[in-house]
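**Q** Those sequence lines, one after another, are chains A and B. 397 is the number of the first residue of the first sequence in the numbering used here; add one for each residue after it. 397 is the number of the first residue of the second sequence in the numbering used here; add one for each residue after it.
Hints are computed from structural coordinates only; laboratory data are not their basis. Careful: at least some of the hints might be erroneous.
Since the list can't tell identical chains apart, any single copy or any two copies may satisfy a pair.
[Said to hold, decoys possible] DSSO-like, lysine-lysine: derived pairs with alpha carbons at most 27 Å apart: (1) Lys770 - Lys416; (2) Lys798 - Lys826; (3) Lys863 - Lys425; (4) Lys881 - Lys519; (5) Lys923 - Lys577; (6) Lys881 - Lys863; (7) Lys863 - Lys935; (8) Lys416 - Lys723.
Since the structure is predicted, the reported quantities are computational estimates derived from the model, not experimental observations.
There are 2 protein chains.
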Amino acid sequence: MYFQNPLSFLLRAAQIYPDKLAITHPHVKHPVFYTYGVWSQRIQNLAYALIEAGIKPGDRVAIIAPNSPMIADAHHGVLAARAVICPINTRLTVPEVSYILEHSGAKLVIVDYEYTHLVRDAKVPVVVSNDTGRAGDPYEDFLDRGRRFSRERGWAGLEWEPNENAASALCYTSGTTGRPKGVITTLRGSYLAALANAYETRMTYDSVYLWILPMFHACGWTFPWAITLAFATQITLRTVDPSQLWYHFLNSGVSHYCAAPTVQISIVNAPEAKQVPRPITAIIAGSAPTARLIGDLELKGITPVHVYGLTCTYGPFMKSFPQPTWKDMSLKDRARHLARQGHSFLTASPVRVVYQPADGEEPDAAAELVDVPKDGKTAGEIVVRGNLAMVEYFRDPEATRKAFQGGYFHSGDVAVVHPDGYVAIRDRSKDIIISGGENASSVLIEQELAAHPDVLEVSVVARPHPKWGERAMAFVILKTHSVAKWQGRHDEFEGELKRFSKGRMPGFACPEWVRVVDELPKTSTGKIQKVVLRKMVAKL
Amino acid sequence: MYFQNPLSFLLRAAQIYPDKLAITHPHVKHPVFYTYGVWSQRIQNLAYALIEAGIKPGDRVAIIAPNSPMIADAHHGVLAARAVICPINTRLTVPEVSYILEHSGAKLVIVDYEYTHLVRDAKVPVVVSNDTGRAGDPYEDFLDRGRRFSRERGWAGLEWEPNENAASALCYTSGTTGRPKGVITTLRGSYLAALANAYETRMTYDSVYLWILPMFHACGWTFPWAITLAFATQITLRTVDPSQLWYHFLNSGVSHYCAAPTVQISIVNAPEAKQVPRPITAIIAGSAPTARLIGDLELKGITPVHVYGLTCTYGPFMKSFPQPTWKDMSLKDRARHLARQGHSFLTASPVRVVYQPADGEEPDAAAELVDVPKDGKTAGEIVVRGNLAMVEYFRDPEATRKAFQGGYFHSGDVAVVHPDGYVAIRDRSKDIIISGGENASSVLIEQELAAHPDVLEVSVVARPHPKWGERAMAFVILKTHSVAKWQGRHDEFEGELKRFSKGRMPGFACPEWVRVVDELPKTSTGKIQKVVLRKMVAKL
Numbered sequence: 397m398y399f400q401n402p403l404s405f406l407l408r409a410a411q412i413y414p415d416k417l418a419i420t421h422p423h424v425k426h427p428v429f430y431t432y433g434v435w436s437q438r439i440q441n442l443a444y445a446l447i448e449a450g451i452k453p454g455d456r457v458a459i460i461a462p463n464s465p466m467i468a469d470a471h472h473g474v475l476a477a478r479a480v481i482c483p484i485n486t487r488l489t490v491p492e493v494s495y496i497l498e499h500s501g502a503k504l505v506i507v508d509y510e511y512t513h514l515v516r517d518a519k520v521p522v523v524v525s526n527d528t529g530r531a532g533d534p535y536e537d538f539l540d541r542g543r544r545f546s547r548e549r550g551w552a553g554l555e556w557e558p559n560e561n562a563a564s565a566l567c568y569t570s571g572t573t574g575r576p577k578g579v580i581t582t583l584r585g586s587y588l589a590a591l592a593n594a595y596e597t598r599m600t601y602d603s604v605y606l607w608i609l610p611m612f613h614a615c616g617w618t619f620p621w622a623i624t625l626a627f628a629t630q631i632t633l634r635t636v637d638p639s640q641l642w643y644h645f646l647n648s649g650v651s652h653y654c655a656a657p658t659v660q661i662s663i664v665n666a667p668e669a670k671q672v673p674r675p676i677t678a679i680i681a682g683s684a685p686t687a688r689l690i691g692d693l694e695l696k697g698i699t700p701v702h703v704y705g706l707t708c709t710y711g712p713f714m715k716s717f718p719q720p721t722w723k724d725m726s727l728k729d730r731a732r733h734l735a736r737q738g739h740s741f742l743t744a745s746p747v748r749v750v751y752q753p754a755d756g757e758e759p760d761a762a763a764e765l766v767d768v769p770k771d772g773k774t775a776g777e778i779v780v781r782g783n784l785a786m787v788e789y790f791r792d793p794e795a796t797r798k799a800f801q802g803g804y805f806h807s808g809d810v811a812v813v814h815p816d817g818y819v820a821i822r823d824r825s826k827d828i829i830i831s832g833g834e835n836a837s838s839v840l841i842e843q844e845l846a847a848h849p850d851v852l853e854v855s856v857v858a859r860p861h862p863k864w865g866e867r868a869m870a871f872v873i874l875k876t877h878s879v880a881k882w883q884g885r886h887d888e889f890e891g892e893l894k895r896f897s898k899g900r901m902p903g904f905a906c907p908e909w910v911r912v913v914d915e916l917p918k919t920s921t922g923k924i925q926k927v928v929l930r931k932m933v934a935k936l
Numbered sequence: 397m398y399f400q401n402p403l404s405f406l407l408r409a410a411q412i413y414p415d416k417l418a419i420t421h422p423h424v425k426h427p428v429f430y431t432y433g434v435w436s437q438r439i440q441n442l443a444y445a446l447i448e449a450g451i452k453p454g455d456r457v458a459i460i461a462p463n464s465p466m467i468a469d470a471h472h473g474v475l476a477a478r479a480v481i482c483p484i485n486t487r488l489t490v491p492e493v494s495y496i497l498e499h500s501g502a503k504l505v506i507v508d509y510e511y512t513h514l515v516r517d518a519k520v521p522v523v524v525s526n527d528t529g530r531a532g533d534p535y536e537d538f539l540d541r542g543r544r545f546s547r548e549r550g551w552a553g554l555e556w557e558p559n560e561n562a563a564s565a566l567c568y569t570s571g572t573t574g575r576p577k578g579v580i581t582t583l584r585g586s587y588l589a590a591l592a593n594a595y596e597t598r599m600t601y602d603s604v605y606l607w608i609l610p611m612f613h614a615c616g617w618t619f620p621w622a623i624t625l626a627f628a629t630q631i632t633l634r635t636v637d638p639s640q641l642w643y644h645f646l647n648s649g650v651s652h653y654c655a656a657p658t659v660q661i662s663i664v665n666a667p668e669a670k671q672v673p674r675p676i677t678a679i680i681a682g683s684a685p686t687a688r689l690i691g692d693l694e695l696k697g698i699t700p701v702h703v704y705g706l707t708c709t710y711g712p713f714m715k716s717f718p719q720p721t722w723k724d725m726s727l728k729d730r731a732r733h734l735a736r737q738g739h740s741f742l743t744a745s746p747v748r749v750v751y752q753p754a755d756g757e758e759p760d761a762a763a764e765l766v767d768v769p770k771d772g773k774t775a776g777e778i779v780v781r782g783n784l785a786m787v788e789y790f791r792d793p794e795a796t797r798k799a800f801q802g803g804y805f806h807s808g809d810v811a812v813v814h815p816d817g818y819v820a821i822r823d824r825s826k827d828i829i830i831s832g833g834e835n836a837s838s839v840l841i842e843q844e845l846a847a848h849p850d851v852l853e854v855s856v857v858a859r860p861h862p863k864w865g866e867r868a869m870a871f872v873i874l875k876t877h878s879v880a881k882w883q884g885r886h887d888e889f890e891g892e893l894k895r896f897s898k899g900r901m902p903g904f905a906c907p908e909w910v911r912v913v914d915e916l917p918k919t920s921t922g923k924i925q926k927v928v929l930r931k932m933v934a935k936l
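Build out the structure end to end from the sequences listed, making use of the hints.
**A** Written as structure tokens, this is what we have:
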């Protein structure tokens, strides 16, 4: 008997809509188009192939691939073999990948041909996918072996995981410091997170989901299962190329995609950008969208849905739920509201924002967590438990214990709760700028600076200041058409932006320094790496 | 910590959309309109009042009421007191109600003023609601006591049920024979069923749900929770009056309602019926809609969604999932497809149709259930287990054991599985007409006869026949405008309908007898009581 297992969504889709297009992979030499019927057969073959290869219930299977059918297959097929999917970030280095393979104890790796160099030190069997979908491709041969091994026993021949709290995935966080940590999530949690994502973003049978977010990132925020649950169609692209994205926005009936603000900025600023023929829901996470980005998206017929989450919460578990009153607001006011993290998803337990231990004080495991007041001012830490909180850090009881002080998972994100109950992230503790005893939020400063007409993207970090302790330093990418305008006059632009800041924010928050840059350091998932900016600042 | 508890939906709604209209009760002397903020406060008061009245976790609280705010409150408030809601059909007799009160062991009854006679023998405290929402109403006084007893502890002062598998409801089936049986369902199951109902019927923030289905029937198919989950608005009406329904279809922005086909027939035939200003989703269950009904609904802008379920499956757990190809079909063909029961809901385990033991053979508890082939012909029994199957018949281990032969709940409904995997009910075993060794389905005969232009509603049962063993007898209600046409000529109409049958169905299925009647015997939930028709036939 199976209760809450995201694999059930695939079997339903294959049963109810076998002829519906499930997945397409168009920008390769031999594009593929699989219906739910065909795709589920391929996934079944994968499950049998894994079992034949010796994979036992609970074993980890590592996947290294860009967005492509193989990694989509694996989100279902690995679970069908009662194994745990361990997707690995393709932008890691060989030592990092080796560490994860070692630490996860993965018994097998399936790797895309472009990333085989990452597993050259692997001590376990490696299956290579050439991403062709054709005979002769080692991955296809692997599926073939599975099919033969199945001896036509079909889905009925695959034993269903009896425990809904068994692990579904092991995702390593792309920690900016220290060793990556392995996040264990469950079948039940993946099922419930997928349900919430489908419902909260209104994905249905008619939806077409375009993959922009890497699927290796927190299992694509559970969208591989949410899309299937909705009987929707998904399009995979190996790379994120704004021209290609616009081709699909304009020609493929795309209705949904997920991406961090930085990617969204490149989308709205692409030369191909125009009104989309079908309304699109853009799911934004990673950081809050600015008013400018929201306005630019809406102008093109793209509705931003701002969600918030972490790998440890199955990706998104909060949403800035729109209010009817927002319709009458100015774009700026609306953006200010939409930029908040909001409330928990349908299937998540209510989020809490709790007082943090004072500086230097060791957190007391036994101490009860106390909520901050709903005053929009008092900062606390976002904590969560229940359906959409991870189980543990794999093979790291000490880190797990620390993360679950007081019985809640501690996000490390600092937030306030507004009088209307909406949670709004101020900053990660280390991103707060303490200037003359005042706490300045780098997020709020960025929101304001992004409104300047020449600013494409901006990131703000603290820089030591002899008088104030710290002061804000802004790193700015100029818009394409503004680059020439300020050519050789970056000093003047600095003055211009500082003047722009005055009156928009308190003096202690105004940037003391502005540097124009060509690009900002980002993680593979599009998050700006402030840790790198801070290192640059430290050397100034 | 709470995991899967439908009460969580109310708390979310009150937190995220406190000012949204949650529930209105317009057709009473003092209409009420409660926002989610106000409503959740009333429900909190109810929970405290129950606790003050001595209700302990797991206790049953009986509710006897027409659709009204009180019974809607109770679906949340009783759960908030960690008690079990036991809604009782208002159309039962005093001995039946007494039996249920006794058998359920209810510790308290909340009863609507119109039904106080039903609890005159009650041996437990009774709270009467005058359905006024005003001071002086005993129910309002009860809520007031709860508020005072709470001493402003709020929701935080109410202990949350820690076990998601604790009972949420005890619903007695309106058995046509024998004592009613009490169906125990769980918090988790109610949560998942509500999720599925909201998703499968596309209920969202913008939806307005009109109560037609009695809320006392299988907890209103979990819609009290599904509506709240979606942040939708609900309208309660004490009675089902087509004119009143049409007033709301035309003026209140109604988007969803649930009703059995008989009620739907009265809706489309009401003199007020016309094109609705906003598309409406009509959720149909109880029996399959006929082609005529589907056509009549669609003409008015009402889209039928055909679902199937039982009290033992939290109400609907299957849906006839529409296929894109249906759009090009004739109404009759489309109706034939939509009339099937289809596939399991999102959160339900896949349904099975299994061979039944041969006549007179005792079912073997240990024997494995075997699926019938997908040939559209071989009849078997619909069985189900998992998330959306009840736990047990309360205080009846023998009936529970019988119902769960082979580990699955046995629905008693006989069905076939079509080659496309859609399940279609043929008949309950006792509704099959065995004529000259052939099995004729009364459902299929009814579908055909309903196509006759003078037929408003029809029900078919077996009647003993000297030559063929059994033969079909049809009971027909004529359409209003056809009554005069056939006045005094029912014999001629019988001939007309028998001629109409020829060619439309095999000879052994054609009705041998036709009787024109003014009304058909129905259960309180609109199901035709074939058992009563069979008794009439037995006396002929």
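**Q** Hints first: check each against the structure and report whether it holds.
**A** Quick rundown of the hints versus the structure:
1. For the homomeric pair Lys770 and Lys416, the shortest alpha-carbon distance between copies (20 Å) is at most 27 Å, but the shortest distance inside one copy (48 Å) is not.
2. Taking identical chains as interchangeable, the C-alpha atoms of Lys798 and Lys826 lie at most 27 Å apart only when both belong to the same chain, with a minimum of 18 Å there against 63 Å between chains.
3. In this homomeric assembly, Lys863 and Lys425 never come within 27 Å of each other (Cα to Cα): the closest approach is 61 Å inside a single copy and 71 Å across copies.
4. In the homo-oligomer, the alpha carbons of Lys881 and Lys519 never lie at most 27 Å apart, since the shortest distance is 55 Å inside one protomer and 87 Å across protomers.
5. Only within a single protomer do Lys923 and Lys577 lie at most 27 Å apart by alpha-carbon distance; the minimum there is 18 Å, versus 58 Å between protomers.
6. Neither within a single protomer nor between protomers do Lys881 and Lys863 lie at most 27 Å apart by alpha-carbon distance, with minima of 34 Å and 100 Å respectively.
7. Taking the shortest alpha-carbon separations for Lys863 and Lys935, only the intra-copy value of 19 Å comes in at or below 27 Å, while the best inter-copy value is 103 Å.
8. For the identical chains of this complex, Lys416 and Lys723 are inter-copy neighbours only, at 15 Å across copies versus 36 Å inside a copy, given an alpha-carbon limit of 27 Å.
In summary, the structure is inconsistent with hints 3, 4, 6 from the numbered list given earlier, while agreeing with the others.
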